[in-house]
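Please arrange chain B on chain F, whose structure you already have, making use of the hints.
There are 2 protein chains.
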Amino acid sequence: MGFKEIEPSYKPLHPRPVYLIVSGRMGERLNVMAASWVMPVSEEPLRIAIAVERDAYTFDLIEEYGEFTVNVVDHRLIEKVWRAGTMSGRGRDKIREIGLELEDPLKTRVPGVREALAIIECKVWSHVDSGEVRLYVADVLSVRVKPEYYNERYGWDIRKANILMHLTGRAFTVPGKLLVVRRQ
Amino acid sequence: MGFKEIEPSYKPLHPRPVYLIVSGRMGERLNVMAASWVMPVSEEPLRIAIAVERDAYTFDLIEEYGEFTVNVVDHRLIEKVWRAGTMSGRGRDKIREIGLELEDPLKTRVPGVREALAIIECKVWSHVDSGEVRLYVADVLSVRVKPEYYNERYGWDIRKANILMHLTGRAFTVPGKLLVVRRQ
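If you're matching them up, the sequences are chains F and B in order. The first sequence begins at 0 in numbering that gives the first Met the number 0 and counts up one residue at a time. The second sequence begins at 0 in numbering that gives the first Met the number 0 and counts up one residue at a time.
The following block holds chain F by itself, in its conformation from the complex (with noise of 0.2 Å):
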């Protein structure tokens, strides 16, 4: 069957993978939101880009302190990125409420998400603004990993690893089949 044009919209662009990011300061405010619009940017040096809407209270955090965290999940987490994602941080203890426990920073003031798998700590380096959003590059002071799930060589085990995506609404996945190719 052929193509058929639809109105123009990101959900082709998805299953991504669904991060929370802790924005603030700790000892001060603190926040916590869920994105997909992350990703890596460059290597030399490591950078990533997040998109972050302009009236969500991370972006105030981050406009604030520079500074954020990228927190890789996996499917035990849904409950609580759903409620990330669909709650404001403005005005309440949003990290306490959704019950996550935080992790020290090694290089930041902003910590990470003790659940994760694993913790990238981020610092604003330049930013562009597109519609509702402000797109932040930032780069990576420091990754921590658990290691039970990841391969310094080939990174997360998806035989263990169950790495939360989001599709659209309450649908998520997670990694299925390993496909690898093979050597000519």
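Just so you know, the hints here were simulated from the structure itself, not pulled from any lab data. Source: prediction; values computed, not measured. For every residue, glycine included, the Cβ atom is placed at its ideal position computed from N, Cα and C. Hints are supplied without guarantee of correctness; some may be wrong.
Said to hold, decoys possible - What follows is a list of derived Cβ distance ranges for each label pair:
{"hint": "1", "chain 1": "F", "residue 1": "E100", "chain 2": "B", "residue 2": "M86", "range": "39 to 49 Å"}
{"hint": "2", "chain 1": "B", "residue 1": "S87", "chain 2": "F", "residue 2": "G90", "range": "48 to 58 Å"}
{"hint": "3", "chain 1": "B", "residue 1": "E63", "chain 2": "F", "residue 2": "M86", "range": "22 to 32 Å"}
{"hint": "4", "chain 1": "B", "residue 1": "M86", "chain 2": "F", "residue 2": "P146", "range": "30 to 40 Å"}
{"hint": "5", "chain 1": "F", "residue 1": "G98", "chain 2": "B", "residue 2": "G1", "range": "38 to 48 Å"}
{"hint": "6", "chain 1": "B", "residue 1": "G84", "chain 2": "F", "residue 2": "G26", "range": "38 to 48 Å"}
{"hint": "7", "chain 1": "F", "residue 1": "R28", "chain 2": "B", "residue 2": "G98", "range": "53 to 63 Å"}
{"hint": "8", "chain 1": "F", "residue 1": "G98", "chain 2": "B", "residue 2": "R158", "range": "27 to 37 Å"}
{"hint": "9", "chain 1": "F", "residue 1": "G26", "chain 2": "B", "residue 2": "M0", "range": "47 to 57 Å"}
Showing chain B alone in chain F's frame:
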């Protein structure tokens, strides 16, 4: 078990969807590459970001013509994606060598991939240079899908659409189980 700090790496941000990117212009020069550092940026207007190494032939073509297509692919294209991601198109007809068929553009002058599940036509709007990469932010001008795999409300039906995702090197995956957050 707790966290272990590792050498900073993009690998914890994979698996993520891998796309075929077609650049150039019909009747002039064309190329294809594989890319997984692609994401939506904003909805109003709909824009996407893509990281392109500045020594890639695709970079030359995007600089010259300012347009490209993002082609969403499934598991059946794994070998072609691998070849698109590991050979340069400079000085050769890479699209023909790989054996990809093209689909005429609707709103630009750069074709899509006929075997893809979706073709997204894009026009560069802005860019940021980071290390070895130019991060393009591009307007989405048209989106086409194979309708038997796609629902305009929910996006891909992952029971049918084996969206190809890249882990590292020769390792890929596809979506696994559908997980739905239950209503409270």
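How the hints compare with the structure:
Checked against the given bound of 39 to 49 Å, the beta carbons of E100(F) and M86(B), roughly 47 Å apart, stay inside it. The hinted window of 48 to 58 Å between S87(B) and G90(F) holds, with their beta carbons roughly 53 Å apart. Between E63(B) and M86(F) the CB atoms are about 46 Å apart, so this pair departs from the stated range of 22 to 32 Å. With their beta carbons about 35 Å apart, M86(B) and P146(F) fall inside the hinted range of 30 to 40 Å.
Here the CB-CB span from G98(F) to G1(B) is close to 19 Å, at odds with the stated 38 to 48 Å. One distance hint, 38 to 48 Å for the beta-carbon pair G84(B) and G26(F), holds here, with the actual separation near 45 Å. A hinted range of 53 to 63 Å for the beta carbons of R28(F) and G98(B) is consistent with their spacing of about 55 Å. One distance hint, 27 to 37 Å for the beta-carbon pair G98(F) and R158(B), holds here, with the actual separation near 32 Å.
With their beta carbons about 27 Å apart, G26(F) and M0(B) fall outside the hinted range of 47 to 57 Å.
When held up to the earlier numbered hints, the structure conflicts with 3, 5, 9 and fits the remainder.
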